[in-house]
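2 protein chains.
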Amino acid sequence: MKVAIDAMGGDYAPGEIVLGAIQAAKEYVNQNLEIILVGDQAQIIQALDHQGDWKSLRISVHHAGEVIDMHESPGAAVRKKKDASVVVATKLVKEGYCDVVISAGSTGAAVAAALFGLGRIKGIERPAIATPMPNLTGTTVLLDSGANVDSKPKHLLQNAIMGAIYAEYVLNIPRPRVGLLNIGEEECKGNEQVHATYPLLKQLSTVNFIGNVEGRDIPKGTVDVVVCDGFVGNIVLKLGEGLASAILQLVKEAIKDSGFWTKMASMLVLPALKGLKKKLDYAEYGGAPLLGVNGGFIICHGSSRAKAIKNAIRVAKEFTEQDVVSHIRENIAKEGVVTNE
Amino acid sequence: MKVAIDAMGGDYAPGEIVLGAIQAAKEYVNQNLEIILVGDQAQIIQALDHQGDWKSLRISVHHAGEVIDMHESPGAAVRKKKDASVVVATKLVKEGYCDVVISAGSTGAAVAAALFGLGRIKGIERPAIATPMPNLTGTTVLLDSGANVDSKPKHLLQNAIMGAIYAEYVLNIPRPRVGLLNIGEEECKGNEQVHATYPLLKQLSTVNFIGNVEGRDIPKGTVDVVVCDGFVGNIVLKLGEGLASAILQLVKEAIKDSGFWTKMASMLVLPALKGLKKKLDYAEYGGAPLLGVNGGFIICHGSSRAKAIKNAIRVAKEFTEQDVVSHIRENIAKEGVVTNE
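Heads up: the protein sequence lines correspond to chains V and L, in order.
Position one of the first sequence corresponds to residue 26 (the working numbering), numbered consecutively onward.
Position one of the second sequence corresponds to residue 26 (the working numbering), numbered consecutively onward.
Calculated directly from the structure, the hints in this document are not laboratory data.
As the structure is a computational prediction, the values presented were derived from the model and not from experiment.
Just to be clear, a hint being listed does not mean it is correct.
Since copy identity is lost for identical chains, a pair holds within one copy or between any two.
To be verified - Here are the simulated lysine-lysine pairs, PhoX-like style, with alpha carbons at most 25 Å apart:
{"no.": "1", "residue 1": "Lys27", "residue 2": "Lys119"}
{"no.": "2", "residue 1": "Lys304", "residue 2": "Lys105"}
{"no.": "3", "residue 1": "Lys281", "residue 2": "Lys147"}
{"no.": "4", "residue 1": "Lys105", "residue 2": "Lys214"}
{"no.": "5", "residue 1": "Lys147", "residue 2": "Lys177"}
{"no.": "6", "residue 1": "Lys245", "residue 2": "Lys27"}
{"no.": "7", "residue 1": "Lys281", "residue 2": "Lys245"}
{"no.": "8", "residue 1": "Lys177", "residue 2": "Lys227"}
{"no.": "9", "residue 1": "Lys281", "residue 2": "Lys303"}
{"no.": "10", "residue 1": "Lys51", "residue 2": "Lys80"}
{"no.": "11", "residue 1": "Lys147", "residue 2": "Lys303"}
{"no.": "12", "residue 1": "Lys245", "residue 2": "Lys147"}
{"no.": "13", "residue 1": "Lys359", "residue 2": "Lys177"}
{"no.": "14", "residue 1": "Lys304", "residue 2": "Lys332"}
Input sequences plus hints: build the corresponding full structure.
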């Protein structure tokens, strides 16, 4: 298996990207994994050398001379900069040289590169980002979490089919419960978009649709796949991240503020909190796949450090091994979804 | 000051509603506060008697023979059941006999009763629910948090004006920072609704508009008033509540699971967590005002117990003392907002 990594994308590129790649190459040394770092060759090799001896690892460098900046208009930048690292990495998959791309660069540019470079699966009009979120008992996948806004009901229907496959094959949840994110459980609740989506989801044969779910169902873990518009999904995702980190900070402060004996106690308790922090840490999840394009494409948080990149490589590996793209093709055909864009 | 309480609304009505009223009447005994419990007289008096001697308190009962159920269609129920507790309580305000209504019943019915009973402030097309959410440093008001969906940009503009007033006069935040909830900070980000809203908010003279804010800004406390559509706001609110409670549960479990010494430590730490739980507890906030109607109307969580009702009475008191309705009228006029519905 060959994984192409956009080594120039992200707040800590290329240093942390390269380090994550090295860690993964070591961890998966016996698992037939090759990592191709895409970007400025001189910078990448310097970063590799900085980490010590890497030449025995299955890591290689593929040069790409341009980088897409966070502030560029994604579509225009992808069209113009044909030698951008994310564009070249995607091309390696398109041409069959690699199996999957990973990028922590601009999400918009990543989505554009995937759309232009790999194209959409037949029957999918708008690929969606499927982000795993921790809950009380496991993981809930949220999609779309930011690839598209102003989605039509048929796009949410496509999200439901794709999300169910991801949850089943990559997260190993048999017959995952798929819910429509809404402001109440009753079918009559919500805005025009979800009103029109509900009956479409009810008719699906490959999806275990459990009806409307509310914001509180995500942390409770009473739903495995949450279907929503990318505008709502992105707000939910960022609120979730921010709130988890804020509450853990408040817990620490509350313990520290409460006197000498409690301080002693907190020294014993803090390790327990660390485990929890790990559970709530997006970096442990590594990356979110862009579902609906003809190939594997894993999108990482812009602030990804080595750990997140290493975990994204694990996600990329599972995504490829489980052949998620083929399963999406099959179920989209089974459900008779026809693109009319 | 006279507060009319829908004693029949909410999961724990009338028992907990009545108890909360008694607690408030005792706490504000010297503050010229009268509480009028509206609903089935026999049931309310039985609940009052159950709490011991209440006859020296400034609490009275106003009979109303009907109740609106959570599952009824709000508009139809309010029109049909003219003797419903929430309708009668609203009428007491409309007729000048009371200053403000409190209801923990169906939110839809409460909004409908307020709209039909009190009418909208001139220039406001859609009243909004303004819910306070705790953050790292204080409180952020979220509006609309569920009164309306599919809002137009002009409705979000009206929310911004109203939310700024509430934050300034009731939460005592001078020159509150007002942000538009979006999926990125740049003006170009988001869906059609927020694209069209941004330039409208920029032009307001009575509002300190700080631009787009993201989900993570709410817990961080970098914004005081968050403007959004009620669909998004309601999801944010319920996710926030659910996530806070889930994380605190995980913290407790993490402490308990980690062995004997840590268990000892947790006995010392748990009191500190209790303080935090209080900070994150919606019941401490009591209620969310419905802004934009001609009169005070405080909406409570359906699962409100006595503490939440007592705190809602405090909110109702502050809302009335600060004359929020007049301030909204003034600023809507200052901004030249004209209703064309």
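Against the structure, the hints come out as follows:
1. In this homomeric assembly, Lys27 and Lys119 come within 25 Å of each other (Cα to Cα) only inside a single copy, at 13 Å, whereas the closest approach across copies is 71 Å.
2. Taking the shortest Cα distances, Lys304 and Lys105 never come within 25 Å of each other, neither inside one copy (40 Å) nor across copies (51 Å).
3. With identical chains, the CA atoms of Lys281 and Lys147 are never at most 25 Å apart, being 56 Å at best within one copy and 50 Å at best between copies.
4. In the homo-oligomer, the alpha carbons of Lys105 and Lys214 lie at most 25 Å apart only across protomers (21 Å), although the nearest pairing inside one protomer, at 44 Å, exceeds that limit.
5. Taking the shortest alpha-carbon separations for Lys147 and Lys177, only the intra-copy value of 17 Å comes in at or below 25 Å, while the best inter-copy value is 35 Å.
6. With identical chains, the CA atoms of Lys245 and Lys27 are never at most 25 Å apart, being 37 Å at best within one copy and 40 Å at best between copies.
7. Taking identical chains as interchangeable, the C-alpha atoms of Lys281 and Lys245 lie at most 25 Å apart only when they sit on different chains, with a minimum of 20 Å there against 28 Å within one chain.
8. For the homomeric pair Lys177 and Lys227, the shortest alpha-carbon distance inside one copy (16 Å) is at most 25 Å, but the shortest distance between copies (29 Å) is not.
9. For a Cα distance limit of 25 Å, the shortest separation of Lys281 from Lys303 qualifies both inside one copy, at 21 Å, and across copies, at 17 Å.
10. Taking the shortest Cα distances, Lys51 and Lys80 sit within 25 Å of each other inside one copy (12 Å), while across copies they are farther apart (77 Å).
11. In this assembly of identical chains, the alpha carbons of Lys147 and Lys303 never lie at most 25 Å apart, being 38 Å within a copy and 52 Å across copies at closest.
12. For the identical chains of this complex, Lys245 and Lys147 are neighbours neither inside a copy (35 Å) nor across copies (42 Å), given an alpha-carbon limit of 25 Å.
13. In this homomeric assembly, Lys359 and Lys177 come within 25 Å of each other (Cα to Cα) only inside a single copy, at 21 Å, whereas the closest approach across copies is 38 Å.
14. When the C-alpha separation of Lys304 and Lys332 is checked against a cutoff of 25 Å, the pair qualifies only within one copy, where the shortest distance is 14 Å, while the shortest distance between copies is 33 Å.
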